[in-house]
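Student: Sequence:
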Amino acid sequence: MIAPYGRNRKKRKTQDGRKLRRYKRRWNIERLFAWLQNFRRLVVRYEYKDENFLGMAQLGCIVILLRKCL
Numbered sequence: 056m057i058a059p060y061g062r063n064r065k066k067r068k069t070q071d072g073r074k075l076r077r078y079k080r081r082w083n084i085e086r087l088f089a090w091l092q093n094f095r096r097l098v099v100r101y102e103y104k105d106e107n108f109l110g111m112a113q114l115g116c117i118v119i120l121l122r123k124c125l
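Numbers given in this note's numbering equal positions in the sequence shown, counted from 1, plus 55.
Check the hints yourself; a few may be wrong.
[Claimed, not checked] Here are the in silico distance ranges between beta carbons for each label pair:
1. Phe108 / Lys79: 24 to 30 angstroms
2. Glu85 / Ile57: 39 to 45 angstroms
3. Arg76 / Phe108: 28 to 34 angstroms
4. Asp105 / Trp82: 24 to 30 angstroms
5. Ile57 / Gly110: 54 to 60 angstroms
6. Ile117 / Arg80: 18 to 24 angstroms
7. Cys124 / Lys104: 54 to 60 angstroms
8. Phe88 / Ile57: 54 to 60 angstroms
9. Leu75 / Lys104: 37 to 43 angstroms
[Claimed, not checked] Straight-line Cα separation of at most 35 angstroms, DSBU-like style, residue types lysine-lysine; simulated pairs:
10. Lys104 / Lys79
11. Lys123 / Lys79
12. Lys104 / Lys123
Since the hints were made in silico from the structure, they are not lab data. Every residue gets a Cβ at the ideal spot worked out from N, C-alpha and C, and that includes glycine.
All chains, please: the whole structure from these sequences, using the hints.
Tutor: This is the structure:
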């Protein structure tokens with residue numbers, strides 16, 4: 056037996072009620088990744104060890120923050 060389609064079902068919202076809140080946060084993250092693409096060492100990934108790559112990524116984020124502050 057197949058259950059009939061119920062019209063009284065509520066459609067779940069994908070947003071949390073505030074307009075474009077998720078999109079705004081996502082845009083900030085995408086912008087950060089775009090700025091990190093300007094650092095050749097991160098794009099090419101010369102480092103073999105993950106710790107060294109993570110350190111260079113953190114250094115890139117620090118440089119971006121310093122440029123914005125100064």
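Student: Within a Cα-Cα threshold of 35 angstroms, do Lys104 and Lys123 meet the stated pairing?
Tutor: Distance ~29 angstroms between Lys104 and Lys123 Cα, so the pair holds.
Student: Does the Cβ-Cβ separation between Ile117 and Arg80 fall within 18 to 24 angstroms?
Tutor: Roughly 21 angstroms apart at Cβ, these two residues keep to the hinted range, so it holds.
Student: Checking one constraint from the list: CA of Lys104 to CA of Lys79, max 35 angstroms. Satisfied?
Tutor: At roughly 33 angstroms apart (the allowed maximum being 35 angstroms), Lys79 and Lys104 satisfy the hint.
Student: Quick one: are Phe108 and Lys79 within 24 to 30 angstroms, going by C-beta?
Tutor: The hinted range 24 to 30 angstroms holds for Phe108 and Lys79, with Cβ atoms some 29 angstroms apart.
Student: Looking only at beta-carbon atoms, does the pair Leu75, Lys104 fall within the given range of 37 to 43 angstroms?
Tutor: This hint holds: roughly 39 angstroms between Cβ atoms.
Student: Between Phe88 and Ile57, is the Cβ distance one that fits in 54 to 60 angstroms?
Tutor: 46 angstroms, violated
Student: Starting from the range 39 to 45 angstroms, see whether the pair Glu85 and Ile57 falls in it by beta-carbon distance.
Tutor: 43 angstroms, holds
Student: With respect to the beta-carbon atoms only, verify the hint that Arg76 and Phe108 lie 28 to 34 angstroms apart.
Tutor: 32 angstroms, holds
Student: I want to verify a distance hint. Is the separation of the beta carbons of Asp105 and Trp82 within 24 to 30 angstroms?
Tutor: At roughly 28 angstroms between Cβ atoms, Trp82 and Asp105 fall inside 24 to 30 angstroms, so the hint holds.
Student: Tell me if the beta carbons of Cys124 and Lys104 are separated by a distance inside 54 to 60 angstroms.
Tutor: 30 angstroms, violated
Student: Does Lys123 pair with Lys79 here, judged by a C-alpha cut-off of 35 angstroms?
Tutor: 19 angstroms, holds
Student: May I ask you to test the hint 54 to 60 angstroms on the CB atoms belonging to Ile57 and Gly110?
Tutor: 58 angstroms, holds
Hint check: violations occur at hints 7, 8; the rest are consistent with the structure.
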